[in-house]
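A.B. asks: Taken in sequence, the protein lines are chains H and V.
Following this note's numbering, the numbering of the first sequence begins with 1 at its first residue and continues without gaps.
Following this note's numbering, the numbering of the second sequence begins with 1 at its first residue and continues without gaps.
Among the hints, a few may not be true.
With a straight-line Cα cutoff of 30 Å, these simulated DSS-like cross-link-like pairs (lysine-lysine) come out [to be verified]: (1) V/K33 to H/K87; (2) H/K670 to V/K33; (3) V/K43 to H/K666; (4) H/K666 to V/K33; (5) V/K43 to H/K670; (6) H/K174 to H/K134.
Simulated coverage check for chain V against chain H, where a stretch passes if three residues somewhere in it have a Cβ under 8 Å from a Cβ of chain H [as the list claims (entries may be wrong)]: (7) 6-19; (8) 24-35; (9) 38-44.
None of these hints come from the bench; they were simulated from the model.
Keep in mind that this is a model prediction, so the values were computed, not measured.
All C-beta atoms in this analysis are idealised placements derived from N, C-alpha and C, irrespective of residue type, glycine included.
Read off the chains here:
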Amino acid sequence: MNGLTRQEVEYRYNNGLVNNDKVKYTRSIKTIVISNLLTLFNLLNIILAILVLTTGSIQNVLFVNTILFNTIIAIIQEIKAKHILDKLAISNQDLVTVIRDGKEEEIKPQELVLDDIMVLHSGDDVVVDAVIVKSSSCEVDESVVTGESDALLKKKDDSLLSGSIIVSGKCYAKVTNIGKDNYASSLIKEASVIKDDSSYLKKVINQILKFVTFLIVPTGILLFISQYFYSNQTYSEAILSTVAGIIGMIPEGLVLLTSVALTVGVIKMARKKVVIQKLHGIEVLSCVDVLCLDKTGTITDGTMEVVDVIAIDKKSDIEEIIGNMLDESSNNATDIALKKHFKQKNNYEVVERIPFSSSRKYSKVVFKNKTYYLGALEYITKEKITKYDSYLLTYLEKGYRILTLAEESTNKIKVIAFIAIKDNVRKNAKDTLNYFKEQEVNIKIISGDDPLTVSSILRQLDFENYDKYISGTALPQDFEELKKIVNDYTIFGRVTPYQKQSIIKALKENSTVAMIGDGVNDILALKEADCGIALASGISAARSASDVVLTTADFGVLPSIVNEGRRVVNNIEKVASLYLVKTTYSFILSILSIVISHEYPFYPIQLSLISSICVGLPSFFLALEPNYKKVTSGFIIKVFRNALPSGICVFVNIFLLIMICTIFHKDFEKFRLIIVALTGLINMRLLYNICKPLNLRREILLCFCIIVFFELLILLPDLFLVSRFNILAILLILSLAFMDIYIIEFFEDIYDKIMEKLMRRNKWKKRLV
Amino acid sequence: MEKKTSISRIIGIIGIFALLIVILIMVIVYKVKYEDMMITFFKFLAYN
């Protein structure tokens with residue numbers, strides 16, 4: 001077989017007949033820049049900046065710097081993550097063997113051209129649709145395509161669909177479809193539609209933003225009308241007040257912080273050789289209750305070892321028979337283990353060879369004089385393995401697989417030996433399982449293997465509930481029944497891909513479920529799970545269906561993914577309230593200004609000072625700190641418990657100061673210093689609460705923020721449009737600050753009581769938790 | 001929690017008294033009459 005010539009390949013390249021529909025892990029740089037630049041909030045901020053520029057007050061446009069800084073950081077972080085992920089994706093790519101100019105060569109899948117001849121061995125993925133031109137006992141698993149898990153024997157002229165895998169044998173296949181025309185491409189597209197891959201954090205924050213956006217326009221218009229027409233302000237003053245009210249309401253830093261914290265998480269994971277394909281994966285993992293594993297390739301490392309050969313018929317030369325049965329082209333884990341233990345021989349003349357398949361459960365070799373079988377006893381002789389308990393009990397108890405070697409003579413099949421094979425358990429499997437036990441994450445093993453074998457492996461690892469197993473055949477067909485029993489078992493053995501999917505679906509009813517898998521039989525389950533984790537050693541369709549890919553094929557890295565997710569969610573939860581305090585008081589103050597037609601108490605530059613020193617600076621430090629506590633539900637409730645009381649307290653302060661100012665006929669401009677200082681202090685108090693328990697780093701951060709904030713107020717009063725500190729201002733600041741401590745706690749108590757009542761109502765509980 | 005609440009309550013009450021004292025000082029320093037204060041206050045409320 002010669003395959004295509006260089007000229008033919010080149011011709012196809014030039015005419016676009018090349019398989020360039022590669023799976024994109026990341027967005028292009030152009031898309032990253034555009035999507036980060038053209039956001040609703042950037043647009044809003046630019047409009048506000050232009051409005052401020054029309055007043056001629058340059059220093060009040062400083063808030064644009066924050067937006068600019070935010071956008072640049074977001075773009076840099078995402079591009080950095082893109083580079084790391086792209087590198088990983090390339091190094092992780094499987095190569096395809098093709099014949100060109102009569103020679104075999106390995107190329108990347110996207111270099112395949114139409115009519116290329118691929119050489120496919122057992123275990124290879126079919127990356128493009130093709131038709132077989134030559135086959136030697138080639139069996140193909142098309143479960144990803146048809147859902148049928150039985151391997152199919154493919155002959156010459158049979159078609160191969162992309163997404164399927166070669167289970168045994170070898171074949172030569174001619175490429176018939178490329179790029180988007182491939183069956184797998186349409187399947188991957190479909191898989192990505194099934195799951196909403198936006199992050200939960202982003203969803204919650206977007207909900208808050210939607211609510212804020214909804215309020216901004218009417219509040220802004222009313223605020224301007226009240227300032228310009230009823231508060232006797234000039235155009236410039238009215239614009240500055242309105243802009244201050246609006247920018248105060250936008251928690252733009254929170255959006256940035258979430259993106260940056262998630263992106264930093266993705267980068268950190270990529271350094272540990274973990275590809276986060278969908279951002280929500282990192283969050284879901286942080287609150288996972290149930291982790292489902294496929295035994296092969298997760299607890300065990302996928303390699304096997306022959307432990308013992310138990311001869312039943314002492315006269316037979318077992319080494320000789322198995323040596324002759326071994327096929328050079330087959331290279332599944334069992335064959336590799338057998339080849340390691342038995343020397344391959346060619347003394348017997350082979351008449352026919354039927355390779356091992358997962359549905360048949362045995363391989364058969366017909367020699368000139370005799371026929372031998374190698375595989376599962378129940379499928380070869382129809383005998384029960386318990387008949388041979390005296391020979392095998394010790395091996396079965398240790399969780400070893402038992403291969404039966406049988407001889408067929410005159411239509412009678414006779415067992416001549418058993419081969420005990422051990423699945424090699426990963427070194428860190430025990431530690432990883434213990435970690436999840438400590439974190440109260442339930443482990444479920446959903447495997448195509450015999451439940452007894454899985455149970456024995458788990459017993460070796462001192463795993464709790466190793467004896468709670470059930471076979472796929474005993475599982476109820478009815479989904480409602482399945483839901484009832486699914487929590488009673490730890491091991492689900494001999495399950496079909498559809499049963500795996502149903503089990504995950506049933507578990508999802510009451511828990512957040514993650515599934516780790518690598519095989520074709522795991523695809524449906526990976527798609528169904530809240531977070532699908534694929535091993536890079538697995539097939540590409542499984543990787544495409546997953547949220548997270550472990551490129552090292554080592555599930556020992558999972559605790560660090562969970563920790564990373566927890567760090568992101570816990571930290572964002574912590575600092576989100578800092579941003580929402582500003583939103584809360586800006587909104588209430590806008591309403592107050594509209595109702596009492598009083599000038600807005602802040603200028604944009606004053607809000608920029610509070611946002612950058614009391615919120616932005618500390619939140620960036622806190623968001624990147626390690627924080628591995630288990631994530632609990634109720635993000636919104638927890639965030640607003642901090643934000644609302646503090647926001648209301650700012651309003652109470654300002655209202656009191658307006659009253660004092662009015663009663664004593666004082667110039668309100670002189671009170672702005674007290675307002676800014678008190679608002680800064682309330683933010684610092686919240687920061688102090690968030691920082692608890694304090695450590696040296698956090699103490700330094702707190703002190704630094706307080707010192708810088710007051711130094712700027714003292715040293716640059718003209719820049720921040722405030723008066724200088726005097727005795728009256730200091731006395732008012734101190735007395736109100738003391739009073740605020742109790743006011744905040746008072747509103748926190750009220751908030752707790754309201755939430756307690758709302759939580760009793762199911763309708764509200766569902767909305768808030 | 002109880003202890004923490006009572007401490008913050010004491011601090012809060014100190015703050016309120018301190019604020020009242022500051023207002024009193026302002027009344028003395030700025031020589032504002034009680035009646036004028038009340039009139040301005042109610043005017044403010046009535047106007048809004």
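A.B. asks: Which numbered hints are broken by the structure, listed smallest first?
C.D. replies: 1
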